[in-house]
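Trainee: Here is what each chain is made of, one letter per residue.
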Amino acid sequence: MKIQQMAFMLIAVTLFFVIAGLFILVINFSGVKQSAKLIDEENALTLVSKIADSPEFSCGNAFDQPLTSCIDTDKVMALENHIQDYRNFWGISGLQIAWVYPNNSTLANTSCTTGNYPACGKITLIPTSNGTGVPNFVNLCRREIDNNSIPYNQCDLGKVIVVYNG
Amino acid sequence: MVEIKMLNKQKNGQEEMVGFAVIVILVSLILVFFLVFSLNTKPQTNSYEVSSFMQSALHYTTACQINGNYVSVNDLISSCVQNETCSNQQNSCDILNQTLSGIMDKSWPSGQNFPVKGYNLTVISNFGNVLSIQKGNITATYKGAPPELLPTSIAKITVYVTIYY
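Chains as they are written, first to last, in numbering that gives the first Met the number 0: chain A, 0 to 165; chain B, 0 to 164.
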């Protein structure tokens, strides 16, 4: 009888500890999942910055001072015709640069060509229709000429949208 | 004799129940401590996206020309603190307000039908509040960037951006 009582007691205590342990595990793993999601998002944003800072796009020292996350749009327009050479270079499936501000609503969906640049809203370097798009803010800089024919640097606010499969 | 045996059995059962209750209470206390500890860890509010936005917005070239040069938002904030006027006789603070409002509006479209419910941008110098732009609702879920300290010699200027979801 005593052995039976002890056996019941042991089962009850074990069950109780298992339930409590499961409770702790569930709470811990929900945090891990959230952290993993945050790290994935941050990695994707870092990839966007890395692409923006690559020599093919970056402003370098062309605009008075070295800027990080700054894209020389004049350079990008020159690169547009040779983008096929870079298709597998960054390991991405899509790449687009879009103006955020100033952004004329009529020009927002107008793709840039050598004929209409800079009166356009986006430069689609690698077109794609599927995948996960990650946008991040950058400066879009170019040389402009004012009303008195004096050249100056114009830096706008834009977004780089990188599309990757995954 | 039979009664004494029954009483002993009941006593043993009571002792086991008390032991079990003690274990349950101890484990519950540990669980409560664990819960308090895990819920007290504040969620990360500094966002890489908002930091990138702030850096890029500060380098935007504005329509204000001072000494023959178009100035960036960064420099326009310093001009506003010094109450300077642009070449077209417009007040630097007016252009700053207009530019930053436009940038916030286009970058973080907000409202009930958008993921972003509201935003707040504040520029503070050691002389006082320089500019404050606020739109939409302030919610408990938000993202921000570490305060940006502008490199100026005239005053200590700090920019804060918070986006509410």
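To be clear, the hints were calculated from the coordinates, so they are not data collected in a lab. Built from N, CA and C at the ideal position, the CB exists for glycine as well. Don't take each hint at face value.
[As the list claims (entries may be wrong)] Residues from chain B that face chain A, not an exhaustive set, calculated with beta carbons under 8 Å:
1. 19
2. 21
3. 22
4. 36
5. 44
6. 45
7. 48
8. 55
Trainee: Are the hints correct? Go through all of them and say.
Mentor: Structure-based check of all given hints:
At about 6 Å, the closest approach between the beta carbon of residue 19 of chain B and any beta carbon in chain A falls short of 8 Å, and the interface hint on this residue holds. For residue 21 of chain B, the interface hint is violated, the least distance from its beta-carbon to any beta-carbon of chain A being 11 Å, above 8 Å. At a threshold of 8 Å, the smallest CB-CB gap from residue 22 of chain B to chain A is about 6 Å, leaving the interface hint in force. Checking residue 36 of chain B against chain A: minimum C-beta separation of about 10 Å lies over 8 Å; hint violated.
Because the closest C-beta pair between residue 44 of chain B and chain A is about 12 Å apart, greater than 8 Å, the hint is violated. A hinted interface residue such as residue 45 of chain B counts as satisfied when its beta carbon comes closer than 8 Å to some beta carbon of chain A; here the least separation is about 11 Å, so the hint is violated. Contact between residue 48 of chain B and chain A, as hinted, is supported at the beta carbon level, the nearest pair being about 6 Å apart and thus within 8 Å. Because the closest C-beta pair between residue 55 of chain B and chain A is about 4 Å apart, less than 8 Å, the hint holds.
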